[in-house]
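Once you have looked at the hints, place chain B on chain A.
Protein chains: 2
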Amino acid sequence: MCAAVNSSAVVLLSGGLDSATVLAVARRDGYACHALSFDYGQRHRIELEAAARVAKAGNARDHRVITLGLGDIGGSALTDANIPVPENAATGGIPMTYVPARNTILLAVALGYAEVLGAGDIFIGVNAVDYSGYPDCRPGFIAAFEQLANLATRAGVEGRPVHIRAPLIRLSKAEIIRLGTDLGVDYSLTVSCYQPDPLGRACGVCDSCRFRREGFAGAEIPDPTQYRVR
Amino acid sequence: MCAAVNSSAVVLLSGGLDSATVLAVARRDGYACHALSFDYGQRHRIELEAAARVAKAGNARDHRVITLGLGDIGGSALTDANIPVPENAATGGIPMTYVPARNTILLAVALGYAEVLGAGDIFIGVNAVDYSGYPDCRPGFIAAFEQLANLATRAGVEGRPVHIRAPLIRLSKAEIIRLGTDLGVDYSLTVSCYQPDPLGRACGVCDSCRFRREGFAGAEIPDPTQYRVR
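Order-wise, the sequence lines are chains A and B. All the letters of the first sequence, read from the start, carry residue numbers 46 to 275 under my numbering. All the letters of the second sequence, read from the start, carry residue numbers 46 to 275 under my numbering.
No copy is singled out in the list; a pair is fine if it fits within one copy or between any two copies.
Quick list of in silico lysine to any residue cross-link-like pairs, SDA-like style, CA-CA up to 25 Å:
| # | residue 1 | residue 2 |
| --- | --- | --- |
| 1 | K101 | D117 |
| 2 | K101 | R246 |
| 3 | K101 | D84 |
| 4 | K101 | S52 |
Please keep in mind that the hints were generated in silico from the structure rather than gathered at the bench.
Isolated chain A, as found in the complex:
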């Protein structure tokens, strides 16, 4: 990752563990960070409150939340109340928590925002290790989006290339947690659970909770997550 003193970046911030780490990486690398979150009809709206906390704690320059009516197209356990969140370990294939084309959509809006800001870098916390079942978390997808971005925009046409930065893409969850801890990330501010209770406490049994628990255990770092008693 190149150092970039005074360069601006858009950082996609979900309120989860990964994107909190990405914000810390972008700040370490010298970017002025414009955090961007989405209200896309996700069940776990408590994520948006977490995103606001993380943006502030992580010294983002500002934080915007874009409304995006993805609930209207359905198709995922995370946006469609008729599809249950799975509570067992994934058995292969693409999980029901996959939101169709989500990362394509989020990166596309981030690209528009980057163009408005004149920012040349977009950071996203995708991870191909734990989320290998999601097609839009793989390195080939990120490379293809970067190529598209430079055909799609004024900046690309005018010779100011846009870079899509996915600094976690090849790290394990334990490695991500070690990296973020070294950079001072307070993971108690983050929410990973797909179905937190109204107080923000995690279920402990969805895929996302499972990866998070195993990550803290593997990193040998105390897990600050509040789990609800079931």
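Okay, now just chain B, sitting in the frame of chain A:
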């Protein structure tokens, strides 16, 4: 364009002349058409009413409108009330009516919807002739998006490729109007103007009105547009 009896397609429908023609082309080619429009904070909301009329007249299977808070990122005369709509012919470069990354964003959401529907085709009315100043209206952009789409989705991963269809991309406005007229499109239902009045009457002087007027003149077909007196 291949005939596709009983295949489903997502058709991006703005309420303007081009996308009304695209819907007619998709219907001619045998697709069951799921029309998709966006409420993205555009000034010309009257477009959405036109889109609903066009979807119905064009025998779309259904019509959805997705909320998308692009006004929150600003940067275009079409979504930002602080930027005036230009009223003179473009003088080169990218016009102020360009919405940053708009077609990337619209195609990304259409891709998610296509995945939910199991549709293998997405139709978009981009045009590289009149709108050559918009980077995301060029054939290279469409080809790059199609490539991305097949890396980004469950369908792509599972060997059911997604096709991005841009049947107007190399046609002049007059050719588009002749094509649509042959297919029975009622252009009096459509709105192209960037700043219509509350009754839907066109200004007659913005770039979009100018292209439309010249198109009807070139096609030697009577222009059904209602222009307001200025």
